Amino acid sequence: MGKKKSSLLKKVIIAILLILLIAVGVGGYFAYKSIYQPNVNLDDKKSQIIFIPTGSTFEDVKLILNKNHLLKNTASFEFLSKKKKYINAVKPGKYRILANMNNNSLINLLRAGIQEPVEINFNGLHTVNELIGRVGRRIEADSLSLYRAIHDNGYLKKYGFTIDNVQALFIPNTYQFFWNTSIDQFFDRMAKEYKTFWTGSRKGKANTIGFSQTEVATLASIVQAEQCCDFEEKKIIAGLYMNRLKKNMRLESDPTVIYAVGDFRIQRVLNGHKQVKSPYNTYLNTGLPPGPVNFVQQSSIDAVLDHEENDFIFMCAKEDLLGRHYFSKTYAQHQICARKYHDALNNRGIH
750 MGKKKSSLLK KVIIAILLIL LIAVGVGGYF AYKSIYQPNV NLDDKKSQII
800 FIPTGSTFED VKLILNKNHL LKNTASFEFL SKKKKYINAV KPGKYRILAN
850 MNNNSLINLL RAGIQEPVEI NFNGLHTVNE LIGRVGRRIE ADSLSLYRAI
900 HDNGYLKKYG FTIDNVQALF IPNTYQFFWN TSIDQFFDRM AKEYKTFWTG
950 SRKGKANTIG FSQTEVATLA SIVQAEQCCD FEEKKIIAGL YMNRLKKNMR
1000 LESDPTVIYA VGDFRIQRVL NGHKQVKSPY NTYLNTGLPP GPVNFVQQSS
1050 IDAVLDHEEN DFIFMCAKED LLGRHYFSKT YAQHQICARK YHDALNNRGI
1100 H
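Residue numbers for the sequence shown follow the numbering used here, beginning at 750 and rising by one.
It is worth saying that the hints were derived from the structure and are not from the lab.
Check each hint, because a few of them may be wrong.
[As the list claims (entries may be wrong)] For lysine to any residue, the following SDA-like pairs were computed, each having C-alpha atoms within a straight-line distance of at most 20 angstroms:
no.	residue 1	residue 2
1	Lys843	Ser854
2	Lys906	Lys941
3	Lys831	Pro787
4	Lys831	Ala861
5	Lys843	Pro866
6	Lys1089	Ser1077
7	Lys1023	Ile1062
8	Lys821	Arg845
9	Lys840	Ser805
10	Lys952	Asp1051
11	Lys941	Phe926
12	Lys811	Asn822
13	Lys941	Ser961
14	Lys1023	Ile1099
15	Lys1089	Ile1099
16	Lys794	Asn815
17	Lys840	Ile932
18	Lys831	Leu812
19	Lys1023	Leu1000
20	Lys941	Asn922
21	Lys1026	Gly1011
22	Lys1067	Ile1099
23	Lys907	Tyr943
24	Lys811	Val839
25	Lys1023	Tyr1090
26	Lys832	Ile784
[Unchecked claim] Restraint ranges, calculated between C-beta atoms of paired labels, are given here:
no.	residue 1	residue 2	range
27	Thr1035	Ala1093	28 to 36 angstroms
28	Asn790	Arg897	40 to 48 angstroms
29	Leu847	Asp979	42 to 50 angstroms
30	Arg1017	Asp1060	23 to 31 angstroms
31	Asn822	Lys944	47 to 55 angstroms
A quick note: this is a predicted structure, and the numbers were derived from the prediction, not measured.
Built from N, CA and C at the ideal position, the CB exists for glycine as well.
All chains, full assembly: derive it from the sequences and hints.
Take a look at the structure:
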């Protein structure tokens, strides 16, 4: 009788052990699948970008992933997220999700905050409102918040700028940011880039010509509007405007009138445009306008700092309309050049 009980007990123990082994095996298999089996569904795409806003919770992340149909198995993602303590460590940002990522790789990416950077440049912009539109489309901070900051003299004061001259802060280049960059972080970065650009050598040259850094940028913006590309001609134009400033002559620059009017489609500045009352209209006002009329390229600033010493007072676009100019020392010479230019505009129907 005792032998039978002992045999039965052994069978029970073996059965329990087998059940435990099976349970462990099943659990191990589930754990393996949760960690290493691909769990990202991108169909035929190689990758997809997602955005996790500031303040998002783990539930928000799941919703974002599922709205984009990225997870094959949400339960396994949630299981491993808890094990890796990601559910309380959500980081906002722009993330690139790769095809066939497993949960482990996906969670490591999100938990570490390894973002896909965004690129911003200011090339070809004229006004701060254009800047707001471009930046607002690239970072999380909304356009309205950026608008308020850039139109707030109190806010701009800590960076050394005003509403009128803040364009000088933004040196055109291609900059990388994280998508979840705040307004303060954006301005801090731009201020850092500005300080890096304005080396001791550049500051020294500005002092030599008696200009502040923003005054250099303002004149450079006019030079740039006259000549976008040719550095040597930029230096000639800068020298010409320096001559007019020294003689206390109005700059009479068409780009300043176009900026004052606010219509950058204008191809021909007419007498009516020149009568627009604005501190930016250099046909009516002596000296520099209050601030830049565009976002100034580094080469344009350097063209002012290293401007050519010449005797030119007048300039006029050449009649081929390819962007180069005639330069004159007298008004009589200028009139001859201007007639060629105006005839060319008339012949092309630009009135």
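Restraint status (C-alpha distance of Lys1089 to Ser1077 at most 20 angstroms): Holds. Lys1089 to Ser1077 sits at ~14 angstroms (cutoff 20 angstroms).
Proposed proximity, Ile1062 with Lys1023 (alpha carbon, max 20 angstroms): Status holds; Cα separation ~19 angstroms.
Status of the given 42 to 50 angstroms range, CB of Asp979 versus CB of Leu847: Holds: the Cβ-Cβ distance is about 45 angstroms, inside 42 to 50 angstroms.
20 angstroms limit on alpha-carbon distance, applied to hinted pair Lys941 and Phe926: holds, 13 angstroms
Pair hint Lys832 and Ile784, alpha-carbon separation not exceeding 20 angstroms: Judged against 20 angstroms, a Cα distance of about 10 angstroms means the pair holds.
Agreement of Lys941 and Asn922 with the hint, judged by alpha carbon distance not exceeding 20 angstroms: The hint holds at about 13 angstroms.
Given pair status - Ser854, Lys843, alpha carbons within 20 angstroms: Answer holds: Lys843 to Ser854 is near 16 angstroms, not above 20 angstroms.
Hinted pair Lys831 and Leu812, Cα distance within 20 angstroms: Roughly 16 angstroms separates the two Cα atoms, so the pair holds.
Given pair status - Ile1099, Lys1089, alpha carbons within 20 angstroms: holds, 14 angstroms
Hint consistency between Lys952 and Asp1051 [alpha-carbon to alpha-carbon, up to 20 angstroms]: holds, 11 angstroms
Distance restraint between Lys907 and Tyr943, which requires alpha-carbon spacing of 20 angstroms or less: holds, 14 angstroms
Holds or violated: Lys1026 to Gly1011, with C-alpha atoms at most 20 angstroms apart: holds, 12 angstroms
Figure legend: structure checked against the earlier numbered hints; every hint is met.
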